[in-house]
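Protein chains: 2
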Amino acid sequence: MVEKVEQYLQKNSDRNLNELMDLLRIPSISADSKYVSSMQEAAEFLRNQLAGSGCDAEIVETDGHPIVYGEWTQKPDAPTVMIYGHYDVQPPDPLDEWITPPFEPTIRDGEVFARGATDDKGQMYTHVKSVQAWLDSVGELPVNVKFVIEGEEEVGSDHLEKFLASNREKCACDVAVVSDTAQYAPGIPAITYGLRGITACEVRVYGPNQDLHSGVFGGSIANPVNALAKMIGELIDDDGRVQIPGFYDDVLPLTEQERAEFAKLPFKESEYLDSLGVSRTHGEAGFSTLERRWARPTCDVNGIQGGYSGEGPKTIIPAFASAKISCRLVPNQQEEAIIEKLEAFLRERTPPGLRFEFKHWHGCPAVLCDLNSPYMKAATAAVERGFGAAPMMIREGGSIPVVGTFQDVLGVDTLLLGWGQNTDNLHSPNEKFSVNAFHRGTLSSAWLWKMLGDLSSTST
Amino acid sequence: MVEKVEQYLQKNSDRNLNELMDLLRIPSISADSKYVSSMQEAAEFLRNQLAGSGCDAEIVETDGHPIVYGEWTQKPDAPTVMIYGHYDVQPPDPLDEWITPPFEPTIRDGEVFARGATDDKGQMYTHVKSVQAWLDSVGELPVNVKFVIEGEEEVGSDHLEKFLASNREKCACDVAVVSDTAQYAPGIPAITYGLRGITACEVRVYGPNQDLHSGVFGGSIANPVNALAKMIGELIDDDGRVQIPGFYDDVLPLTEQERAEFAKLPFKESEYLDSLGVSRTHGEAGFSTLERRWARPTCDVNGIQGGYSGEGPKTIIPAFASAKISCRLVPNQQEEAIIEKLEAFLRERTPPGLRFEFKHWHGCPAVLCDLNSPYMKAATAAVERGFGAAPMMIREGGSIPVVGTFQDVLGVDTLLLGWGQNTDNLHSPNEKFSVNAFHRGTLSSAWLWKMLGDLSSTST
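Chains H and F supply the protein sequences, listed in that same order.
Take the first sequence: its letters are residues 1 to 460, numbered as in full-length UniProt numbering.
Take the second sequence: its letters are residues 1 to 460, numbered as in full-length UniProt numbering.
Fair warning: there could be bad hints in the mix.
Identical copies go unnamed one by one, so any copy, or any two together, can satisfy a pair.
To be verified - DSSO-like mimics (lysine-lysine), calculated; alpha carbons at most 30 angstroms apart, straight line: (1) 170 <-> 450; (2) 314 <-> 34; (3) 75 <-> 162; (4) 341 <-> 75; (5) 341 <-> 314; (6) 170 <-> 75; (7) 314 <-> 162; (8) 11 <-> 377; (9) 268 <-> 34; (10) 11 <-> 314; (11) 162 <-> 359; (12) 11 <-> 75; (13) 268 <-> 314.
Bear in mind the hints are in silico, worked out from the structure with no lab data behind them.
Take the sequences, apply the hints, and build the full model.
In structure tokens form, the structure reads like this:
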């Protein structure tokens, strides 16, 4: 039966691409209230697509932008798959750096250029089209599917968790699928089985009640900037090891197998450095660049300020200094424990006479999927069918909070199947998505339903 | 003959105060080009005062604001004294914090409130009036005097050094007098015999070519803010000692006598802390607060910035970080040597992969006057006559670059005779100067000419 679906996709490839271009024409910028009607338009486009394929589809209003929900659940004995994506896009600024306008999708050299092409309209839409292909050509799906396509991913997903928590039964599923990451490289498809988590804070150090003359008072009271620099400076030693006591206690080490797999991945350090404009890598001793990025925790200052930063010198003792610090977390590290240890580390290093303030923001834990789960195996087989090459198993250094939400609220793992490339200019001008990847992703998705459906027959 | 001068000053005390108020009414704000005609007006006021007293007086144009020069040099065998002061004032902002307008001088509780009251019109004017008193009442001065009253002290004295260097013969003198500092406390007159010097720099650390996603890249390249914090954090140890190798090599230690004298000065640490809004002093171990402020070198960060400092978190690796750092220097420390050592200290701590940039500004060396010189003894006796109490010998933690200029260009020491108080709100709203201090300062000045004149009779 998959042959029918494959033939259908083959025959409808131009139509699918044209529809994607229609979706990309809608400037669904969630951050800008001027585009609220475009948000509605994009949501309706998707609702109509899902309904047209034979799903039960609706637009669910929230206190922010609406969520598109659609389901086809006529296989009671088969697994149920949550398909998550987002229809909102980043603002396109700076506009004058776009070769063609961000909301006039254009194909050049086999790539479709438009804001949202890869993040996430193009990737998300592959699942809309694969479901349609099954329902149109075969009349049914091998699995049950539930689409949750939100409009607030680029602005913090403020209302998604509440929607899921309020609709646990409706959203109940066995596994989630998200296509919002990347392949490892062109021609090297990948499944992301690990993500780092994050915890972020701001530390403030208060000294005198106003900036003081550094001549009259210098040497007799603690300088908040010197102090904060010293506190921060002690966070990491010369070997790149975070010095917060207990920081690494819960870290799940990479397995020998993982390290071996990472080492096999093609990685040209010189190209990496050139792309970032730095001359050397730097990080925790004893780990490779990929290991440092994907599987080791960090402690990075994201910003610091205090005192005078205008032109020329100004000889003051600043009244105040502050820094924003975030830690990327790896599997088994506990967000609350880490932020408490970080706070204690900094607090106890605050010199007498200075006042210490600390606040932190809600973060998210790291994610690690079981490489040997039946879902992972099904996904691996499906991607191989779609792309003609077995996917590499990779991790990512960033965080995708929704994956933790699915785990927490619905109790399911997520399959991170990225069809994009890291070089797709997401969040930047000239965002793009390979037309070939779009079709191969759609085909992989069609195969995924088949492979996941097969799990029910083997288990029942 | 001094009796005549004393009587004259007594009789003319109201007139002198009213004239000071006239001078204070002129908004001679050097930083603001809107006030250029007021600058001219203030210069003319002083030129006319000096000429009216019998001095040869002129307005010397510069590429900036003019210098008022005036001299009375009819005592070929007597010492020649340079009297330095400035007629420009700080901008008065914030205006709404002034109880009475900054350029409408008002007397309340024995203090004249106005911008420039203490810094430096009120203090400088005591010498104008003492010279007039001698010339009017006695017909001559016991010494030769040369007034140099500039209009750019508050904006960097850009043209003073050139004026002095181009007029070495005209400005030749035996000693300089500056009244632009403070008494030790109300009722405790003081002579400042030491000043700290200063050297200031900006350090910049460049990382990636743009801010990077801290998840995707974090851990694999050096973070400029973490690095700069660590570099700065190592500048001072937990005992408050600057860790730059050789930093203290040339430091002239305080003598046992100086430490004993400092220890005798009344100093209430709790009042000091309350005035600054801090709970504890902090500084180099083994030294008192006054020693730390006046006679020990420092290394203070005056400002730092890098990365994101807006609301909420932003998880980036900043592309760049910078800091402004200044060192207060003590006698014998060499500005160039210190700044080179500071640069080397920071440069060698810059992690591989980051680019280090360093620039520094022209500073000035510390000043230490011979406590036992005849000029110092003359000044001590004069202040005791004027204030009815022997002055304390103190140092100041700040820098007065002109003192170094007099040393370098004219080869003379400076007598720093401050009539003000540290609480006179200089550079702040509600600047003030004690009417009593104005009259006592004028009297001290009149006695100074007598005491300095006596040096010629003893030496010849």
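For each hint, the structure was consulted:
1. 170 <-> 450: Result: close within a single copy only, 23 angstroms intra versus 100 angstroms inter.
2. 314 <-> 34: between (42 angstroms within a copy, 24 angstroms between copies)
3. 75 <-> 162: Only inside one copy: residue 75 and residue 162 sit 27 angstroms apart there, 93 angstroms across copies, limit 30 angstroms.
4. 341 <-> 75: neither (49 angstroms within a copy, 76 angstroms between copies)
5. 341 <-> 314: between (36 angstroms within a copy, 21 angstroms between copies)
6. 170 <-> 75: within (15 angstroms within a copy, 105 angstroms between copies)
7. 314 <-> 162: between (50 angstroms within a copy, 24 angstroms between copies)
8. 11 <-> 377: within (29 angstroms within a copy, 106 angstroms between copies)
9. 268 <-> 34: neither (43 angstroms within a copy, 61 angstroms between copies)
10. 11 <-> 314: neither (70 angstroms within a copy, 45 angstroms between copies)
11. 162 <-> 359: Intra 24 angstroms, inter 53 angstroms, cutoff 30 angstroms: intra-copy only.
12. 11 <-> 75: Within. Shortest intra-copy distance 27 angstroms satisfies the 30 angstroms Cα cut-off; inter-copy 112 angstroms does not.
13. 268 <-> 314: between (45 angstroms within a copy, 29 angstroms between copies)
In summary, the numbered hints that this structure violates are 4, 9, 10.
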